[in-house]
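Take any residue in the sequence shown, note its place counting from 1, add 7, and you have its number in my numbering.
Just so you know, not all the hints are guaranteed correct.
[As the list claims (entries may be wrong)] Straight-line distance between alpha carbons at most 25 angstroms, and here's what the computed SDA-like set of lysine to any residue pairs gives:
#, residue 1, residue 2
1, Lys247, Ser276
2, Lys247, Ala295
3, Lys247, Leu209
4, Lys237, Ser268
5, Lys237, Phe266
6, Lys323, Thr180
7, Lys247, Thr230
8, Lys323, Val298
9, Lys237, Ser210
10, Lys247, Asn207
11, Lys323, Asn150
12, Lys247, Pro297
13, Lys247, Ala264
14, Lys323, Ser268
15, Lys237, Leu200
16, Lys247, Gly296
17, Lys323, Gln159
18, Lys247, Pro293
19, Lys237, Ala264
20, Lys247, Tyr206
21, Lys323, Arg179
22, Lys323, Gln301
23, Lys247, Met292
24, Lys323, Leu200
25, Lys323, Ser131
26, Lys247, Asn150
27, Lys247, Gln280
28, Lys247, Pro273
29, Lys323, Asn309
30, Lys323, Trp291
No lab work stands behind these hints, which were simulated from the structure alone.
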Amino acid sequence: MTNKEFENFIENDDDWFSDIETKVLDLENEISEWRESRTRELGYGSESPPRPERQPRPERQPRRSTDRAQALIDHGRRTARRPRSRRGYKIAIGAAAGLALVIGATTVLRKGPSWPASVATVQSEIATACRNPNVASEPGQVNFACGQGTSQILWVFALMTSNDNPGYADARTGRKGLEPITAAQGGQIAWSLNLHHPYNPLSPADSLAVAARAINNIVGGATLTGANGKPAVQPGLESKPENCARYTGSPAIVARAGFPSLCASPVISRAGQAALVADVYQRWMPGAGPVAAQNVSVLFENAANPGDPQVQAILKTLPNSSGG
8 MTNKEFENFI
18 ENDDDWFSDI
28 ETKVLDLENE
38 ISEWRESRTR
48 ELGYGSESPP
58 RPERQPRPER
68 QPRRSTDRAQ
78 ALIDHGRRTA
88 RRPRSRRGYK
98 IAIGAAAGLA
108 LVIGATTVLR
118 KGPSWPASVA
128 TVQSEIATAC
138 RNPNVASEPG
148 QVNFACGQGT
158 SQILWVFALM
168 TSNDNPGYAD
178 ARTGRKGLEP
188 ITAAQGGQIA
198 WSLNLHHPYN
208 PLSPADSLAV
218 AARAINNIVG
228 GATLTGANGK
238 PAVQPGLESK
248 PENCARYTGS
258 PAIVARAGFP
268 SLCASPVISR
278 AGQAALVADV
288 YQRWMPGAGP
298 VAAQNVSVLF
308 ENAANPGDPQ
318 VQAILKTLPN
328 SSGG
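Please work from the sequences and hints to get the whole structure.
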């Protein structure tokens with residue numbers, strides 16, 4: 008009677024391992040089919056890879072009682088083993104399946120195009136520069152450069168003119184840092200920013216704060232004190248009705264004594280903002296042609312889409328990061 012129970016225990020143990028092996032084979036087939044399906048959905052190949060043949064389940068051959076008896080005679084009884092935990096095997100199988108799914112997903116979902124790594128650094132520096140309360144234009148308080156949804160103009164301009172290199176120096180024009188204006192111009196603008204230290208165009212925070220104020224002055228104009236002590240109004244891009252028609256869809260402007268005129272409607276449409284960015288770039292970079300302005304506009308519009316084919320083509324034309 009004892010021999011018979013022991014033989015049944017051995018046979019049941021073997022049956023359980025055979026079931027585990029069958030489940031693992033089924034899991035491998037399911038993972039293979041899932042990867043094939045994901046590959047077709049994401050369109051990574053014009054032709055689907057050949058579908059792997061489903062592994063047949065191993066068939067167990069029943070042991071004859073004479074075979075079991077002979078095995079006991081030849082080898083003796085196996086010593087009692089510690090019972091295996093079904094929960095432990097389930098955890099191991101689950102971990103293996105999870106690892107296989109992660110590997111499969113990593114293979115199918117490849118990393119796409121991205122902006123140069125320097126963009127993230129400049130974005131962080133922009134956040135610091137835009138904390139300066141004086142970057143808005145005076146007295147109209149236009150703040151397109153640091154506005155939510157439009158501040159990418161700063162890193163786009165820096166990317167186009169210096170490849171995001173704060174140490175950029177152009178010996179021919181005297182331009183330094185991230186903003187595409189001369190150090191002398193930057194110094195004049197910095198005075199109105201109430202900087203607490205001498206202006207340094209090679210400091211990213213200083214350079215980007217000056218850039219923000221310059222952009223806002225170009226957009227909204229500025230009122231300065233003339234040589235005679237009276238206000239001298241310098242109009243911005245929004246001071247012309249024809250520009251407002253392009254940016255907002257309406258030529259209506261708001262005019263106040265001592266203030267530059269501004270578009271009556273805000274510049275909120277994607278096309279209007281892109282047109283404004285192109286015009287700012289041509290005003291800011293003397294000699295910049297329509298192609299360069301269009302490139303800046305494309306980068307601005309696709310700030311969240313670096314994989315756009317036009318963006319990728321423009322990035323290949325960036326200046327050398329070592330400067331001029």
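Hints, verified against the model:
no.: 1; hint: Lys247 with Ser276; verdict: holds (18 angstroms)
no.: 2; hint: Lys247 with Ala295; verdict: holds (21 angstroms)
no.: 3; hint: Lys247 with Leu209; verdict: violated (35 angstroms)
no.: 4; hint: Lys237 with Ser268; verdict: holds (18 angstroms)
no.: 5; hint: Lys237 with Phe266; verdict: holds (13 angstroms)
no.: 6; hint: Lys323 with Thr180; verdict: holds (24 angstroms)
no.: 7; hint: Lys247 with Thr230; verdict: holds (16 angstroms)
no.: 8; hint: Lys323 with Val298; verdict: holds (15 angstroms)
no.: 9; hint: Lys237 with Ser210; verdict: violated (34 angstroms)
no.: 10; hint: Lys247 with Asn207; verdict: violated (34 angstroms)
no.: 11; hint: Lys323 with Asn150; verdict: violated (31 angstroms)
no.: 12; hint: Lys247 with Pro297; verdict: holds (20 angstroms)
no.: 13; hint: Lys247 with Ala264; verdict: holds (16 angstroms)
no.: 14; hint: Lys323 with Ser268; verdict: violated (39 angstroms)
no.: 15; hint: Lys237 with Leu200; verdict: holds (21 angstroms)
no.: 16; hint: Lys247 with Gly296; verdict: holds (21 angstroms)
no.: 17; hint: Lys323 with Gln159; verdict: holds (19 angstroms)
no.: 18; hint: Lys247 with Pro293; verdict: holds (20 angstroms)
no.: 19; hint: Lys237 with Ala264; verdict: holds (13 angstroms)
no.: 20; hint: Lys247 with Tyr206; verdict: violated (33 angstroms)
no.: 21; hint: Lys323 with Arg179; verdict: holds (23 angstroms)
no.: 22; hint: Lys323 with Gln301; verdict: holds (15 angstroms)
no.: 23; hint: Lys247 with Met292; verdict: holds (20 angstroms)
no.: 24; hint: Lys323 with Leu200; verdict: violated (35 angstroms)
no.: 25; hint: Lys323 with Ser131; verdict: holds (24 angstroms)
no.: 26; hint: Lys247 with Asn150; verdict: holds (18 angstroms)
no.: 27; hint: Lys247 with Gln280; verdict: holds (16 angstroms)
no.: 28; hint: Lys247 with Pro273; verdict: holds (14 angstroms)
no.: 29; hint: Lys323 with Asn309; verdict: holds (16 angstroms)
no.: 30; hint: Lys323 with Trp291; verdict: holds (22 angstroms)
Checked against the numbered hints given earlier, this structure breaks hints 3, 9, 10, 11, 14, 20, 24; the rest are met.
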